[in-house]
Amino acid sequence: MENLIGFVTLLILGYVFGRLAERRHFRSIIKREHQYAGTLTFSAKTPPADMAVANARLVSGNVVVSVDYFKQVLAGLRALLGGRVSAYETLVERARREAILRMKEQARQLDAEMIFNVKLETASISKGEQQQVGSVEVFAYGTALVPQKTATASPNLGQPMASRESA
Amino acid sequence: MIITNIETVPGKTIVKHLGMVQGNTVRAKHVGKDILAGFKNVFGGELKSYTDLLTESREEATQRMEAQASAIGANAVINVRYSTSSVAAGAAELFVYGTAVVVEDASSGS
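Protein chains in written order, with my numbering: chain A, 50 to 216; chain B, 993 to 1102.
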């Protein structure tokens, strides 16, 4: 009986706080995605040939996000029946978008406008007891290209980038 | 040390390839932090201590790779890849590898 009360309490706590945390996280992700919309990401390897690059640096972002107890139980039930595990879909989505945002944040600090060859890596962290996926880590990395500034560069090179500056 | 994960260093020319360099580190989780993470498993959300741990570990692996690269006289590492694997329960290996090269300013060459 006591076990059951504990289980239900955890379930309710997980449901309430997990939902709140997720909603808050998604709101902040959407807000920051607008903020960093100017930093472009590409999965392509080769940057445009006519781009005048002053600097190229590896930028990265990572995040470990944990699922709440309610969703973990839900996913456990789903594992019996098979099919879409939507509880984990949002978890991985959140982690991925957050990791990309952190990478963009780093690029922004370097004054980079483009990130090339973006790679995403997902790993489950606490796959300890009962082989359950408690949390996932997403790591995003890529090469940030810092364009040559019109002031410091020779005038003929800086011109093509000028229009991008205002966007 | 310039590090990129594309095959070139934009704005510079590669004058010499020096072969593959690598760096790795195996890290275990902190017990105290693991208990805190257990709480987080109820409420959900970001596990900040793990995020920091992994960032730190990757930095260390990258530093080892950089040390190896500079030891053989490279000034850049290109085509860098990261990989993560769990070696044992509670321990993770972070591995980074790339090609060590010598680069020169493109303008000085032409």
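Calculated directly from the structure, the hints in this document are not laboratory data. Misleading hints may appear alongside valid ones.
Coverage of chain A stretches by chain B, computed from C-beta distances (three or more under 8 Å per stretch; other residues unrestricted) [said to hold, decoys possible]:
#, segment
1, 54-63
2, 70-79
3, 94-108
4, 125-131
5, 188-194
Beta carbons: idealized from backbone N, C-alpha and C, even for Gly.
Outcome, coverage hint (the segment 70-79 of chain A, chain B; C-beta under 8 Å; three residues): Check passed, 3 qualifying residues.
Coverage criterion applied to the segment 125-131 of chain A (partner chain B; beta-carbon cut 8 Å; 3 residues): Per the Cβ count (0), the hint is violated.
Per-stretch coverage check for the segment 188-194 of chain A, three Cβ contacts closer than 8 Å to chain B: holds (count 5)
Proximity test - 8 Å, beta-carbon atoms, the segment 94-108 of chain A to chain B, at least three hits: holds (count 11)
Claimed coverage, the segment 54-63 of chain A by chain B - three or more beta carbons nearer than 8 Å: Our answer is that it holds, as 3 residues pass the Cβ test (under 8 Å) against chain B, meeting three.
The structure does not agree with numbered hint 4 stated previously, though it agrees with all others.
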